[in-house]
Amino acid sequence: MVRKETHTIKHLIQLQDLIVARAQQQASHSEPQLEQLDKNIATLAGELPLDLKTHFNRLLQKSIEAIVPISGGNCSGCGFALTKTMVNSVNGGDELNRCPNCTRILYAPDVPLTRHAPRRRWGDPVKHGIERFSAPELMMPALQGTTKEEILLEMCENLREQGYIENRDDLHAAVLRREAIVSTAVDHGIAFPHVRGVEGGGLVLSVGISKKGVQFDATDGKLSKIFFYMVIPTAASAFYLKLLSGLTKSFSTKEARDLLLKAKSPEELWKIMVKTTKKTIV
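Residue 89 in this note's numbering sits at position 98 of the sequence shown, and the numbers go up by one each step.
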C-alpha cells in the first residue's frame, strides 16, 4: 500500500517538473508547448490541499525549486545539515518534512544521482564564462547515434569516461524521463537535454553535434543536430535558466549554428563555443 505522504511527494515532484519545464521553454524562446503546460500545471495544482498549495506557491516565489532531494544528509537546496532523525523521516516517507533553514519540502530520491566534484589546485587560473562549467573533453563534434536514445547514451558515456558522473545508465534513464515530460528540442535543430538534481559538484555542460540529425520531437518538425546537454545540481537550477537563455541568444543566427556544425575536432568546437558565448555567458 502506498503511503499518503509518499503519494503527495510524487505529486509535488511531478508538479514542479512541469513548472520547471515551462520556465525552460520560456528561457529557450519555445512557445508552442506553453499552453498545454499551463493546463497540466493548473490541474495538478488544483488537486493539492489549500495549505500545501499556498506554501508551495510561496516557495516558488523565492526559487524555482520548492521541493528538493536530500543529499549526503543535507538539504540540496540550501546545503543545511539535517539531523539524523529528519533524514530518517524523509527516507521513510511517512510525513512531509521541510528544511528548517529554507523551508523547502524535502524528499529522498529513488535513485540518487551524483557526480564527481572537480578538483581545483592552488594557483589554477580563475575561469570565466563557459570555461567555469565545461571543457574541451566535453565537446563531441561527431555523434554517431541515429536515435534520441542513442545520442543521449553516447553523451552520458562521455561524461562518465571523462570522470564527471558515476553511473551512466542512471543518468541516461533520468534524461529520458525528463524528455518524456516535454521535448527539450526547440527550433533550428537545437536541443537542450538535461538532468536536474545531480549532486556533488557544479553544473556541467557537454556539447554534441550530429551531422545528419535525429528525430527529437522538435516543435518545428525538423531533425535536431546541436545538443547542449547539462547536468545540474539543485542549487544551480536558477542559474541553469540564465545559461539556457544565454545559449539560445548565442546561437540564434544561422551563421553561429553553422560554425558548430562544421567543427571537425573537440578543440575546434571548444574554441567556437568560447568565442560565441563570450558576451552572452559571463
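The hints are simulated quantities; they were obtained by calculation from the structure and are not laboratory data. Possibly wrong hints are sitting among the right ones.
[What the hints assert, rightly or not] Cross-link-like lysine-lysine pairs, in silico, PhoX-like; alpha carbons within 20 Å at most:
| hint | residue 1 | residue 2 |
| --- | --- | --- |
| 1 | LYS269 | LYS240 |
| 2 | LYS255 | LYS270 |
| 3 | LYS202 | LYS262 |
| 4 | LYS266 | LYS240 |
| 5 | LYS203 | LYS213 |
| 6 | LYS262 | LYS118 |
| 7 | LYS203 | LYS253 |
| 8 | LYS202 | LYS245 |
| 9 | LYS262 | LYS245 |
| 10 | LYS44 | LYS1 |
| 11 | LYS255 | LYS245 |
| 12 | LYS266 | LYS118 |
| 13 | LYS245 | LYS270 |
| 14 | LYS75 | LYS118 |
| 15 | LYS269 | LYS233 |
| 16 | LYS255 | LYS202 |
| 17 | LYS233 | LYS118 |
| 18 | LYS213 | LYS245 |
| 19 | LYS203 | LYS266 |
| 20 | LYS53 | LYS203 |
[As the list claims (entries may be wrong)] Computed Cβ-Cβ distance ranges for the label pairs, DEER-style:
| hint | residue 1 | residue 2 | range |
| --- | --- | --- | --- |
| 21 | GLY83 | LEU252 | 44 to 54 Å |
| 22 | ASP101 | ARG49 | 18 to 28 Å |
| 23 | THR137 | VAL273 | 31 to 41 Å |
| 24 | GLN5 | THR94 | 13 to 23 Å |
| 25 | PRO127 | LYS270 | 17 to 27 Å |
| 26 | LEU41 | ASN92 | 21 to 31 Å |
From the three backbone atoms N, C-alpha and C, an ideal C-beta is built for every residue, glycine too.
Hints violated by the structure (listed by number, smallest first)
Numbers 2, 14, 19 and 20 - these are the hints that the structure violates, sorted from lowest upward.
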